[in-house]
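Engineer: Using the supplied hints, reconstruct the complex from the two chains, each of which is provided in its own coordinate frame.
Sequence lines, in order, name chains G and A.
The first sequence lines up with residues 1 to 226 when you count with the working numbering.
The second sequence lines up with residues 1 to 263 when you count with the working numbering.
These aren't lab readings, by the way, just hints derived from the structure by calculation.
Going by beta-carbon spacing under 10 Å, a handful of chain A positions derived as facing chain G:
(1) PRO56
(2) GLN57
(3) PRO67
(4) ILE88
(5) GLU120
(6) SER122
Glycine included, C-beta positions come from ideal geometry on N, C-alpha and C.
Listed here are the chains, written in short residue letters.
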Amino acid sequence: MSDYVGPPPEDDAETRTETGWPSAARPRSQDEKEPPNSGAANETAVSPSSRGIRRRLRLRLATLVLCVLLTILIGVAGWGLYAMHVNEQRAVSWQHRAQKLQANAAQLQSLLDARTRLLNQRIDQMDRLARKLKLAQVALGQSQGDVSSLEERQRQLANEKAQLQDQQRLLDKVAGGYVTCKQDLIQLLSDFANSYDTTSSYDTANTDCTNADASLQSYLGAYPNG
Amino acid sequence: MLHAALTHLASARRVGLFLAGFTLVIALEAGCGGLASAPPSQPPEVVRPAVHRLNPQVDQVAATPVPQLISNSLRRKAEEMVVRVRNINCEGIATGSGFALDPHTLLTNRHVLAGASQLEVSTWDGHDYQVSTAEVGALVDLGIATVDGALPRAASTYAEPSAGEGVTVVGFPLGGPLTFSSGRIVDFVDGVSLGVPGKVMRLTANVEPGNSGGPVLDRRGRVVGIVYAIELATGYGLAIPLDTLRTLTRAGGFQGVPACGSG
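The shape of chain A in the complex, shown without the other chains (with noise of 0.2 Å):
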């Protein structure tokens, strides 16, 4: 009986250990058999293409500010609006300043064109122009004119000028060749003591004989007023605002040019 049942074990276990390895055997081919292949062990090389470098030039020429051009610059452009104006009279020759108001008219003073049989009018480049007529206000020394062809440059205008600002006197004193004199505002006179029914501008610019009829410019360009005169007292330069300037022209108008002799 024992023998039998060993038997009966022995072939038992047989079997048993014939299941095992057939298990072992297909648990290793479904493990194994359906494997797909490995990846790389590696991943693959980025290759990164080269790029130039930015010349240190570039950088250097951005950096760099454009130049201003002379023709652009604010000097180059009142340089421009300026003219000398020559008043040929029965006493010989006189000289002025003036500034084109438009392509055709320019601003001046009337003392500049009093008394004038012949006007004559020169930009700074040395281009003549010829007056055709003339005018003078008749309450404030201010005179128009008009010339036979286009100037260069019209100026423009700004009424509201105050006191401490710096300007600049631009005009030919003593017949000379256009100067910049550059200031400021010191007040705003009442001006019947200096000649002018109205606001009068007084200026630390330095001022000549030639400057009368001379924009004053602002740090801008503008024109703020119209050189006229020197307190002598002071020294100071005078010159008439804007806003006087159309006061008093609105008011009086304007009349022909006086004739030589006539005061």
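One chain only, chain G, in its complex shape (with noise of 0.2 Å):
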């Protein structure tokens, strides 16, 4: 085996042999013996010694390659390992979010259809409401008229009440002198039968029977037909 194992030097044409090495720089087994006075053939043919050296280098080669290979492989799957734990990781995260979005929306619909049938309650109410003030409207149009209907005949008949108490004054203002004429008059009638002077007696009945006379002209006037 080879102790050395390195890359070839640099490219020199002067100095590359056919295998690609330079001729002094070239490493030699311990086998490999310089050939006598071979200067020209060395040049154009190889030796089996040196054809299983390539092989052995290639060979390495090779190793190295599938060394490098196998580390990219274990890394890519490593990575790959990695990232389905952490997908799988967020996807179930993902998963209890939306299982919670889903419980919270299906709580919502519930408060939704509770609200929901409570406003239809309200206006179910409305409606209702809105049907009877409306009748209470009508009706209470109705009343306002017959009110005033009645408050127009509550005025007629206080008027007439007025005008009555007017006329009932007037009456008991004529009513009260011909009382007076009368108790004057019989006051009259007393002094003349206890044959008293009736001078004064009669002024005082003929003034009086005459203002009661006045009034009752003056309430005829006002009230002609009685």
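Structural biologist: Encoded structure:
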């Protein structure tokens, strides 16, 4: 086995031989000997021992490449496993999140359903109230009309009452005048029966009865139909 | 030598193919083996719950203005504050108008109360009140009386009307039913020649005997004056503004009701 496995030295056309190695720098094995007087032959023929060396070198190169490829492969595989693991964790996380969101959505949906039912109840109540209110408005309008009619009638009756009270007060006045007239006449007759002086009584009775007649005429003037 | 190289190359190629295949298998396993389950292809269906519709009556009812109750109207307020005054005197009966200043006090004209042996007050709806005390202004045609019982509504007053302003005269003309007569304030004139030592308001509103003592109301139902006469030359109603009443009342005060036949 050779103890040299490093890369070839720098390419130098003047020193390179057919094998690619410079003749001075090429490594030699222990059993490799320089053939005597072989200057021209060395330049055109390769010995079997050099072929073995090349084969070993290529095997070593392939082994090296294989190691590198294996390293890369292991790295890729490791990275793939790592990515797979991370992706799985993330997928599980997304799945949990989606489940939570689905649960929230379900709760919100149920809440929305409940609110909608409540809203529908309120709407139905409002519709019923509106119908009642409409009826109440119509009834109120009718009541207002009835109240107006009754109030108008009340005004008429109040006016008639006031007129009748005016008439009553006037009649009271006329009646009072005639009552006074009657009392004066009674006094006059009494004085006359007792042979008293009737002049004063007569004047009083005359005045009061005249006033009573005037009141009656005034009343008849104000109320011709009595 | 060539054969050995070819053999070596073939061996190396097999190794390379093996490595490539191995790499592909690992890559596929790494790429596909850890795939999470795919999400559903379609989004979840959102079912919106149905909401009932509001009945159009709701809008109609909401848009319908609340009818003003008769009891809240200005007309009703005016009706309740104005009273009919019956003056029973030695010559018979006279009637006039007045209005409540507070639940027990009413204002009217002096000539409505003058000579009364008995005073009675009636409201628009037929309620009667007896007047317990009465006084009249010494300088102005103003009478004030207190009644037994409580009058339905007291008047609110406003002392600064202006010419051209719309007014309504409320009262019991000719002793008849309560009437409302609309018009406007023509102007404010010196009332010395019209029996009032102060400014007098002339009105286009129809004024008749029996309106005396009734209030002159502005558009908001506030009392701005008291009707007391008719200007024969023009037919305008005459009313005493509130500020004139106050001035003359402060200056002359009140006195007892003149007796019947005393003028």
